[in-house]
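Chemist: Working from the sequences, and respecting the hints, build out all of it.
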Amino acid sequence: MKFLLTAATLIATPLAVSAQTAPAPAPAPAAKLTIDSSIETIAADPKGKAILDATFPGMLAHESYAMFKGMSLKQVQPYANGRITDDQVARVSAELAKLH
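Letter by letter, the sequence shown follows residues -19 to -1, 1 to 81 in mature numbering (1 follows the signal peptide of the UniProt record, and there is no 0).
Just so you know, the hints here were simulated from the structure itself, not pulled from any lab data.
The reader is advised that the hints may include incorrect statements.
What follows is a list of derived Cβ distance ranges for each label pair [as the list claims (entries may be wrong)]:
1. H81 - E44: 26 to 36 Å
2. I16 - G63: 27 to 37 Å
3. S45 - T66: 16 to 26 Å
4. K30 - R64: 10 to 20 Å
5. A42 - N62: 26 to 36 Å
6. P38 - S74: 10 to 20 Å
7. A25 - K55: 25 to 35 Å
8. K13 - Q56: 11 to 21 Å
9. K79 - K55: 13 to 23 Å
Every residue gets a Cβ at the ideal spot worked out from N, C-alpha and C, and that includes glycine.
Modeler: Below you can see the structure in the form of C-alpha cells.
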C-alpha cells in the first residue's frame, strides 16, 4: 500500500510542477475599433464611449439600445430617421482611427 502511495505521488508530482511553471498565455491585443465595430464594442472602450457620447448624446441610454447595440453605426443609420448623418459617421470613424 505504501508503495502505491509513493508511486502515485511520484507520478503526480511532475504534472503539478509543469502546470505551475508553464508560462501564462499572452493577453490578446485589443481589437482596433472602426466604424464597422458594433456600437456595444465601441462603448465598451472608455475612449470609444467618449466619442459616441460626444457625437450622439443619449444614444447609450436610449430605450432601444438593447435592440441596436450589436449593430454598427452604418447599419443603424438607415433606421435612425436622419439622426445619424454621414458627417457624424465620418467624424466617429476619424476619431476611432486616432485611438490606435
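Chemist: Decide, hint by hint, whether the structure agrees.
Modeler: Here's how the hints hold up against the structure:
Distance hint check for H81 and E44: the Cβ-Cβ separation is about 32 Å, which falls inside the suggested range of 26 to 36 Å. One distance hint, 27 to 37 Å for the beta-carbon pair I16 and G63, is violated here, with the actual separation near 18 Å. For S45 and T66, the Cβ-Cβ distance of about 19 Å falls inside the hinted range of 16 to 26 Å, so the restraint holds. Taking the beta carbon of each, K30 and R64 are about 18 Å apart, inside 10 to 20 Å as hinted.
The hint said 26 to 36 Å for the Cβ distance between A42 and N62, and at roughly 18 Å that hint is violated. One distance hint, 10 to 20 Å for the beta-carbon pair P38 and S74, holds here, with the actual separation near 18 Å. The supplied range of 25 to 35 Å is broken by A25 and K55, whose beta-carbon atoms lie about 18 Å from each other. For the pair K13 and Q56, the beta carbons lie near 18 Å from each other, so the given range of 11 to 21 Å is met.
Checked against the given bound of 13 to 23 Å, the beta carbons of K79 and K55, roughly 19 Å apart, stay inside it.
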